[in-house]
Every structure is written in C-alpha cells, then in structure tokens.
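Q: Based on the provided sequences and hints, a complete structural model is requested.
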Amino acid sequence: KAGVTQTPRYLIKTRGQQVTLSCSPISGHRSVSWYQQTPGQGLQFLFEYFSETQRNKGNFPGRFSGRQFSNSRSEMNVSTLELGDSALYLCASRAGPNTGELFFGEGSRLTVL
Amino acid sequence: AQSVTQLGSHVSVSEGALVLLRCNYSSSVPPYLFWYVQYPNQGLQLLLKYTSAATLVKGINGFEAEFKKSETSFHLTKPSAHMSDAAEYFCAVSPNTGTASKLTFGTGTRLQVTL
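Taken in order, these protein sequences are the chains called A and B.
Going by the numbering used here, the letters in the first sequence line up with residues 460 to 572, in that order.
Going by the numbering used here, the letters in the second sequence line up with residues 228 to 342, in that order.
Simulated from the structure, these hints should not be mistaken for laboratory data.
Do not rely on the hints blindly, as some may be mistaken.
Here are the computed distance ranges between Cβ atoms for each label pair [stated by the list, open to error]:
#, chain 1, residue 1, chain 2, residue 2, range
1, B, Ser279, A, Ile471, 43 to 49 Å
2, A, Gly475, B, Pro267, 26 to 32 Å
3, A, Gln477, B, Thr282, 44 to 50 Å
Under the rule of at most 35 Å between Cα atoms (straight-line distance), these lysine-lysine pairs were calculated in the DSBU-like manner [said to hold, decoys possible]:
#, chain 1, residue 1, chain 2, residue 2
4, A, Lys472, A, Lys516
5, A, Lys516, B, Lys285
6, B, Lys296, A, Lys516
7, B, Lys276, B, Lys295
8, A, Lys516, B, Lys295
9, B, Lys296, B, Lys285
10, A, Lys516, B, Lys276
11, B, Lys285, B, Lys295
12, B, Lys276, B, Lys296
Some chain B residues flagged as far from chain A (calculated, every beta-carbon gap over 10 Å) [stated by the list, open to error]:
#, residue
13, Glu242
14, Leu245
15, Ser255
16, Gln269
17, Gly270
18, Gln272
19, Gly289
20, Phe294
21, Lys295
22, Asp312
23, Ala313
24, Lys329
25, Leu342
Remember, it's a predicted structure, so these values are computed and weren't measured experimentally.
The C-beta atom is built at its ideal place from N, Cα and C for all residues, glycine as well.
A: The structure is reproduced here in structure tokens:
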C-alpha cells in the first residue's frame, strides 16, 4: 500500500510569488491535514479536509489556503510568499476525521528567497 | 485546549543504554497521545499511540510508553539504544472526544546515540 505522496519535494521561490503543493493520501483515506514545520515554531497545524470540506483551520493568515478534491487528493496554496514561509510542509492522511492516528508524507521543502 | 511539553531538546545516550524521552501533557478532555519519530529529510513516522486502552503502550522498534494520568506524563523508553535510533522525536496530543482533529506537537527531542 503506497504511503502519502507529496510533490514537489523541494522548491525555491522568491518573495511575492505563490506556490501550490500537492498531496495524495493513502488509498482509502479521506481525511488530509497539512502542517508547517520550521526550526523556530516547530510543527504547526494549518488545516484539515474531509470529503472536500475544511473541518478545522490553524492560526495562519489568509495567504494560506487549501482544497480537497473528490478523489481525496489535496493541494495547499501560499500566495504572496514571505521569507518566513520557508519551511517543510507536511501532509498527513487518516481514514476518517474521528480516528486520531495520522500518516505523514515526506514533505515539501519550500525555500523563499 | 491541549498542549505537550517535551523536557530536553537534546538527549545523548551510549549505544546499549536506556533511552528515556520525557513528555508531559495538558488537556481539558481525555487525550489521545502519540510519539512520532523524524529522520533527517523525512516525514514523521508513528512510533506508538495511547487511546485510553492499556496504559503501557508498545510500539515499533522496541519503544514503549506509559500513560500516567496522575503525573500527566507519557514518557518514551527503550531498554537498549541502537545507533539507528538517532533521530528527532515528537510527542503529540489530540482530544479523545470522538471529534479528534488537529494534533498539537511538542517541540521535539533530538536523540543522539554514541558508541
């Protein structure tokens, strides 16, 4: 069974640009969550989607958005990039919204110059 | 609201020695508790989880953790460290209310294993 797949693994952007990251969950998993990991702030929850609906959102500005498709694949978008957005963005999936265990992908490492 | 505190950002042990990584939690409702491990340039891998069944939880790679409600702790242990255990370890908590959503992570403990 394939794990959580995130693309791209690495990318470099400049300030003011926007970026879209993609996540394919484990087959059969319908819940997808996104986390940002930085050395200073650690792991912070961005948002969670289930059945194409956002169920919960962390404390991030509106420049961070996401969506989920009918096949459970998810994308997150960051607009007007800032230097502080440089981070490892981790996607995680689970079977449903009420099961606590998350399975993580390897992440997309974003560098903003 | 939930939170976790991991005591010690860096822990160094000798190969073959006991590994003890500390985690204390705060939760207004019964919690789910987790330990994840992260190797360099990789995502997080679940080591073990507590979901209100047995208080002593056994995980992968010889790790185990004990839920102690009176101490609000969920420390991770392994009797004998191996070089391959060198990684960063994260404790996490989510509410055990049937509507578990986001995980709240600790700041992580980097484990170094020396010869």
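Q: Please go over all the hints and tell whether each is borne out by the structure.
A: Do the hints match the structure? See the list:
At about 45 Å, the beta-carbon gap between serine 279 (chain B) and isoleucine 471 (chain A) stays in the expected band of 43 to 49 Å. As the Cβ distance of glycine 475 (chain A) to proline 267 (chain B) is approximately 31 Å, the hint placing it in 26 to 32 Å holds. Between glutamine 477 (chain A) and threonine 282 (chain B) the CB atoms are about 47 Å apart, so this pair conforms to the stated range of 44 to 50 Å. For the hint pairing lysine 472 (chain A) with lysine 516 (chain A), the CA-to-CA distance comes to about 25 Å; that is within 35 Å, so the pair holds.
At most 35 Å may separate the alpha-carbon atoms for a hinted pair to count; lysine 516 (chain A) and lysine 285 (chain B) meet this at roughly 32 Å. Distance check on the hinted pair: lysine 296 (chain B) and lysine 516 (chain A) sit about 29 Å apart at the alpha-carbon level, within 35 Å; holds. Under the criterion of a C-alpha separation no larger than 35 Å, the hint pairing lysine 276 (chain B) with lysine 295 (chain B) is consistent with the structure, at around 14 Å. Distance hint between lysine 516 (chain A) and lysine 295 (chain B) is fulfilled; the C-alpha atoms sit about 30 Å from each other, no more than 35 Å.
Annotation: proposed proximity of lysine 296 (chain B) to lysine 285 (chain B) holds, straight-line Cα distance about 17 Å (limit 35 Å). Distance check on the hinted pair: lysine 516 (chain A) and lysine 276 (chain B) sit about 23 Å apart at the alpha-carbon level, within 35 Å; holds. For a cut-off of 35 Å, the pair hint linking lysine 285 (chain B) to lysine 295 (chain B) stands: about 15 Å separates their Cα positions. Of the pairs offered as hints, the one joining lysine 276 (chain B) and lysine 296 (chain B) holds, with about 15 Å between alpha carbons and a cut-off of 35 Å not exceeded.
At the 10 Å boundary, the C-beta of glutamate 242 (chain B) stays outside the reach of chain A, the nearest C-beta of that chain being 27 Å off. Consistency note on leucine 245 (chain B): stated as away from chain A, and its beta-carbon is indeed over 10 Å from all of that chain's, at 26 Å minimum. Every CB of chain A lies more than 10 Å from the CB of serine 255 (chain B), the least distance being 16 Å, so the non-interface label holds. Annotated as non-interface, glutamine 269 (chain B) brings its C-beta within 10 Å of a C-beta of chain A; the closest such distance is 5 Å.
For glycine 270 (chain B), the condition that its CB be more than 10 Å from all CB atoms of chain A is violated, with the nearest at approximately 4 Å. Distance to chain A contradicts glutamine 272 (chain B) as a non-interface residue, since its nearest Cβ pair spans about 7 Å, not more than 10 Å. With a least beta-carbon separation of about 20 Å from chain A, glycine 289 (chain B) lies farther than 10 Å from that chain, consistent with its non-interface assignment. With a minimum CB-CB distance of about 14 Å to chain A, phenylalanine 294 (chain B) clears the 10 Å threshold, and the non-interface call stands.
For lysine 295 (chain B), the non-interface assignment is confirmed: its Cβ lies about 19 Å from the closest Cβ of chain A, beyond the 10 Å cut-off. Distance check on aspartate 312 (chain B): its Cβ is at least 19 Å (rounded) from any Cβ of chain A, clearing the 10 Å threshold; non-interface status holds. Listed as a non-interface residue, alanine 313 (chain B) keeps its Cβ farther than 10 Å from every Cβ of chain A; the least gap is roughly 18 Å. Against the 10 Å criterion, lysine 329 (chain B) falls within the reach of chain A, whose nearest CB is about 4 Å from its own CB.
Non-interface status of leucine 342 (chain B) relative to chain A is upheld: no Cβ of that chain comes within 10 Å, the nearest being about 28 Å off.
In this structure, the hints that do not hold are numbers 16, 17, 18 and 24, in rising order.
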